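Working from the sequences, and respecting the hints, build out all of it.
Given next are the chains, with one letter for each unit.
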Amino acid sequence: MKSIEELRKLREQLKAGTAIRKEAGTKIIVGMGTCGIAAGAREAMNAIVDEIAKRNIHDVQVSQTGCIGMCVLEPLVDVVRPGEPRVTYGRVTPELARRIVTEHVVNGNIVEDAVIGKIE
Amino acid sequence: MMHELSLSILDLVQNCIAAQANWVLLEIIECSATDKLLFRISDNGKGMDKETQKKVLDPFVTSRTTRRVGLGLPLIDMTTKMCGGSFSIESEVGKGTIIEALFQLSHIDRPPMGKLADTIKSLIILNPELDFNYKHIIDDAVFTVSTKELVAELEGISLQTPEVLLWLNDYIKQGIANLSGGKK
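Going down the list, the protein sequences come from chains V and U.
The opening position of the first sequence corresponds to residue 1 in the numbering used here, with each subsequent residue numbered one higher.
The opening position of the second sequence corresponds to residue 1 in the numbering used here, with each subsequent residue numbered one higher.
Calculated directly from the structure, the hints in this document are not laboratory data.
Bear in mind that the values here come from a model prediction, so they are computed numbers and not experimental data.
Please note that a few of the clues may not be correct.
[Unchecked claim] List of simulated lysine-lysine pairs, DSSO-like, C-alpha gap at most 30 Å: (1) U:36 - V:27; (2) U:36 - U:173; (3) U:46 - V:54; (4) U:50 - U:115; (5) V:9 - U:148.
Below you can see the structure in the form of structure tokens.
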């Protein structure tokens, strides 16, 4: 059983360790409007978080946004790497979400076949 | 309708965030003796006047600007009524809003709760600044989680630290699983 006590131990380990959060890391933004949620945004978001946790990625920040009007392409996920264009992915399944983390966030290679837009 | 009640809950908490709430209480109460399932979401957001409250269950009324329909509240209103239950809104401008959805627990059309742990996890991880409180009661068993308490325990370590994410995932999943097992 996981407990709050265990979280405290974890905190002390993290404080003592060298795993200090880097500044200005990659941002991942998931669309969480009614349309996004109905289309599977929660599953995409949980796949992203799961991948970040399992791969021990320390410089990523996941956040949410509402409906941006492209409901037909939901779930929408944006990836913003520092100094690079904002890339929007559409119809993000959990599998695609994992690919986005491994290929784009970790390795810097945009998953071109799922891109629906880029903003410089 | 949403195919899981936990998806509706995730959607409805977004309304609190859109209303600029910084405190949200989600209560879920399941009672087999009375055959009722209820969830209540309270927030301290900007609230709605009486006029708006009357209109929000109409799918063609929305505060959004990206499109002209708003489906969150009409969908849950319809779902409760299909399941021998009811839906109510209580709100005051400047104070906040309370919504309550009641279902007959055993009703054949009642959507399953679904992946509630994923909903709770998403709400905590995506809104570290929000004082989000989750209280779930199944018969005699209770499970509560508070974002503020977790953040306080972490003393500056981010909720999105991989090790913390792994702990949070197991903590919430086990907490909810124990509830369903009927343990105290």
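Open item on the list: Taking the earlier hints as the rules, which of them does this structure contradict?
Closed with: 1, 3, 4
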